[in-house]
Amino acid sequence: MTTKQFQRLLNRLPHLDGETELLALNIFAGSSPEKKSQLVEFFIGQNQKIDSLYQKFGKKVGEVVINN
Amino acid sequence: MDEKQGELKGLQSLVEKFAPTAETLAKSLLWSGEIVHIVDRALGIKPLPEARAQRIETALIKKGFEKETSHQLAEAYSELDLGKAQLRDEAAEYLSALGKGLFRGIFSRKGVTATGTDFVPLPIIPVWSFGDLMGASRAIYEINTAGVKQEGVLKLLIALVPGIPTGMSHMALERFFEAIYIESVLENK
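Chains as they are written, first to last, in this note's numbering: chain A, 120 to 187; chain B, 26 to 214.
Isolated chain A, as found in the complex:
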């Protein structure tokens, strides 16, 4: 994965603030290919977790709206 692609992955994560994102990018740029894939794997995992958080949230809000 290139730095640009990695940046796109980070941009999809709404919980990261600018500083954390910059830190991740800097570390990615300075890492070996092996470390890079570890980083990618970690943030793909975060992406899945955030997705399910939002799904849960959407479902809950839907229920509240229907029940009230």
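Calculated directly from the structure, the hints in this document are not laboratory data. Be aware that a few hints might be false.
What the hints assert, rightly or not - Okay, the calculated beta carbon distance ranges per label pair: (1) B:G89 - A:P152: 50 to 58 angstroms; (2) B:K87 - A:Y173: 21 to 29 angstroms; (3) A:I163 - B:E75: 27 to 35 angstroms; (4) A:E138 - B:E93: 36 to 44 angstroms; (5) A:T122 - B:D114: 45 to 53 angstroms; (6) B:K92 - A:D136: 15 to 23 angstroms; (7) A:Y173 - B:E93: 18 to 26 angstroms; (8) A:D170 - B:I86: 25 to 33 angstroms; (9) B:Q79 - A:N166: 27 to 35 angstroms; (10) A:R127 - B:A122: 18 to 26 angstroms; (11) B:G89 - A:T122: 45 to 53 angstroms; (12) A:K175 - B:Q79: 19 to 27 angstroms; (13) A:P133 - B:Q79: 19 to 27 angstroms.
What the hints assert, rightly or not - Footprint (simulated), chain B over chain A, 3 or more residues, beta carbon under 8 angstroms: (14) 133-146; (15) 154-162; (16) 167-177.
Unchecked claim - Sample of chain B residues with no beta-carbon within 10 angstroms of chain A, all distances over it, derived: (17) R80; (18) I86; (19) K88; (20) A101.
Here a beta-carbon is modelled for each residue, glycine too, at the ideal position from N, C-alpha and C.
Place chain B on chain A using the hints.
Positioned in the frame of chain A, the structure of chain B alone reads:
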């Protein structure tokens, strides 16, 4: 029409106004949550999640939602908020550990005391900009003035990784190493 029906109608028209789906409502809730965050950031305050949920609830009630509905919506938002904060911490911790690993590869220690002169910088490439140095100085200052350990270290890592110090004064360099040292001591305590 009694009061309850009036409220329901108010809610209904509100939902219709923004869009007839719960998803859109969820988005509008996220949006108000974001506004609360932005205001907090601008004022430099970090309220507890419960306090934030309470304010979202109040905002929703003002928007015309029923108290119970507002409470449940704010609760749902709060849960999302907490989940996001947990993921953010997880990422910061992970990156901080990786960043420290990089530092350890760059620098080695020669002594056993706690001063900066114990550290020997390995051969380095000049990649730092003035902005990097300013960022690092600010971070070190924040670490040294304490109370902001995690944030200070994060800022330091942002400013430095994967850059390496060149052109810093001896004093600045010493304080830089000291900061890393203090951080690792705190961590191992």
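(message) I'd like to know which numbered hints this structure contradicts. Please list them from smallest to largest.
(response) 5, 6 and 20
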